[in-house]
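Chemist: So the chains spell out like this:
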Amino acid sequence: MTAQPHILVIDDEAQILRALRTILTAKQFKVSVASRGEEGLALAAAQPPDLIILDLSLPDMDGVEVCARLREWTQVPIIILSVRESERDKVIALDKGADDYLTKPFGIDELLARIRVALRHSAQTLGTQKSQIISAGNVVIDLASHVVTREGQEVKLTATEFNLLAYLAANAGRVLTNQSILSHVWDPAEADRVEYLRVYIRQLRKKLEDDPDHPCIIRNEPGIGYRFILDE
Amino acid sequence: MRLNPFRRFKGFRGLEYLLAILVTALFTLVFLPFRTAGGQDHTVFSLLYLLPVVISSVLWGLGPGALVALISFLALNYFFVPPYYTLLVHHTQDLLVLIVFLIVSITIGQLVGRVSKSLAESTARERDAIHLYELIMHLAGLQDEQEIVSALAEQTLIAFRAGRVDVLVEQQGSTPAHHIKLEDRSRLDQPAEENPSYIAPLQFARGFLGEIKVWRGKSLLTPAEERLLHTFASQGVLALERVRLSQAASRTRLLEESDRFKSSLLSSVSHELRSPLSTIKAAVTSLRSGTVEWDTAARADLLAAVEEETDHLNQLVGNLLNMSRIEAGALKPERSWNSLAEIVSSALERTRQQTEKHIIDVDVSADLPLVPVDYFQIEQVFVNLISNSSKYSPDGTTITIHASVIGDDQLQVTVKNQGPPVPAEHLERIFDKFYRVTAADRVTGAGLGLSICKGIIEAHGGRIWAKNLEKGFAFNFTLSRFWEGRSPGISQEMVDE
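Protein sequences, first through last, are from chains A and B.
Quick note on the numbering used here: the first sequence kicks off at 1 and runs consecutively.
Quick note on the numbering used here: the second sequence kicks off at 1 and runs consecutively.
Simulated from the structure, these hints should not be mistaken for lab results.
Please note that the accuracy of each hint is not assured.
What the hints assert, rightly or not - Below, simulated EDC-like cross-link-like pairs (lysine to aspartate or glutamate); rule was C-alpha separation at most 20 Å, straight line: (1) K104(A) - E307(B); (2) K156(A) - E458(B); (3) K206(A) - D363(B); (4) K104(A) - E458(B); (5) K206(A) - D367(B); (6) K104(A) - E349(B); (7) K181(B) - E121(B); (8) K104(A) - D367(B); (9) K332(B) - D89(A); (10) K206(A) - E221(A); (11) K207(A) - E307(B); (12) K207(A) - E493(B); (13) K332(B) - E154(A); (14) K104(A) - D144(B); (15) K206(A) - E458(B); (16) K433(B) - E458(B); (17) K332(B) - E190(A).
Stated by the list, open to error - Have a look at the derived ranges for each label pair, beta carbon to beta carbon: (18) A45(A) - E307(B): 33 to 41 Å; (19) D12(A) - R288(B): 25 to 33 Å; (20) K206(A) - L427(B): 53 to 61 Å; (21) P105(A) - S270(B): 18 to 26 Å.
Beta carbons are placed, not taken as given, at the ideal position from N, Cα and C, and that holds for glycine.
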């Protein structure tokens, strides 16, 4: 990563492009913009960015398709922008490899926070030594030795609970859809059994969170899935 | 459309004439042995010969009756009036007897024939009337074109004792084509013919609608039956037209309603959209104008107003979209097993700014059974109820959200506030579109929020109602714990250690 991260914004609304370009440039990012899907794909290939902000409704092609075509050759973090009414497209885009999403209209602090998390996550992925010890709040997870401790005390987890936690933690910071969690931790054939996920997430929260009713480690992504929050 | 009009006469009517001649011959053979040599008794035979005339007239009608009268006259003359075996007559009185016989027999034949014919006709008319009555009974009250066409085909098959009936109604504009084929195998005595015995068009004022085809093997339809079939066709057309007219009327009513809905929506929305827009415009132009130097607190205030109003606008747009989906009947919950606690926490997140000045007390356990609901729709219900509660209750009061299991199969949710009571006569109507208890300019909102809640809860098969409390006001709604009769395959207790 260069000192000045390069962000590509693909959105068909001129006003959003103008606002994002101004704000992100002020925040010391290098910004390029595209208003069409093809243009965005070409720009991404010509000058590989460090992060892509992608609107789902583009004039020439579906944002989901842009996402899928990018994932054919690059693992660059993608943050999806969409309106609240296209939840289904959002889930498809996340399953196609997008890292995060923001619902329009959004606050700029939220966008900047997501950009920071995505850039850090991609730096970790690129780094050769992928951490086997993950800590979040009072919880420390050792992926290699299957040991989870909370405030230093070992927490007993069943095999399913550990697999679920390990999958969430390995993808910390990313939004994971219900379907992708179910098909990784359980079985692709069980991808619709959201009820399993709900019950096991509740179980994990009871064992790991300080206040299971206001979870800080395993966060809810409304109607989409869950996200594991690492220490800042 | 009459097919091959000559077939009717071939063999069929001829047989009756032949039978009439045979009957006369038979009677002649029976009478012959009783003939006396003198031949003075032919007056008796002239009486006896009235018998075949009457029999033929009764059995086969006017034509054969008249023929028998003529043949009997000749036979009487030939065999029974001396000199035998000639048509000569010697005595004047014999001639008189013969002439009287001819006149009497023809008259009797005609009278008897006419009576039996009119009897047959009235029997046929009665039968037709019964068939027609049956048809009308079956068509009455049908509201579906396909059902009408089937009933028409079925009744035609029965009434005409047909082997096969084929009713076709052609496609017209948006109404699809209907085609019903019925067969009675017991009557379909021969392989399906190429051509139907008769085709009656289904004709209405504005043109051709379709046709009824009847196959009945060798026995063709009589003119009376053809008339009946045409009557069947016109009854079918009447029934179809009745359905189309009533459909057109209900479409018009729907359009009118949706038109009324859209105009009230427009008037309500244009007001609703403009007020936050004016705030935003005012705040932003003040900040941009170089004439005033704003201090930090004032800038923060103006900007907070802009942010609040954009959230407000966003919520309004969401509600509008939901409302138009409910109106279009397109609000289909995408159910999955969800935890109410998660839904409530994300609804609170979305309403945080609106509820800043209220105390929120949440009692929705994450250990409650999962509910099969559309996450975003139920979240919208909570958002609207919370936003309504914060709008109508004084700052600093408490909004309570509570959920619990009711009976064996339901969860009941209550959103309580400490606002003023709603007059009893408004309690039902607050869930109506654009309905407001207070005057429109005193409280913001398009009057859509609660009717959206009602639309969503009802689409989930639940019930929503409002209630005045001793100190405050409460919204209640229920959600089923079962999805197509099933509960989730797993529960908290199953994994609890």
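Chemist: Where does the structure disagree with the numbered hints, that is, which hint numbers, in rising order?
Modeler: Those not satisfied are hints 2, 4, 7, 8, 11, 13, 14, 15, 17 and 20.
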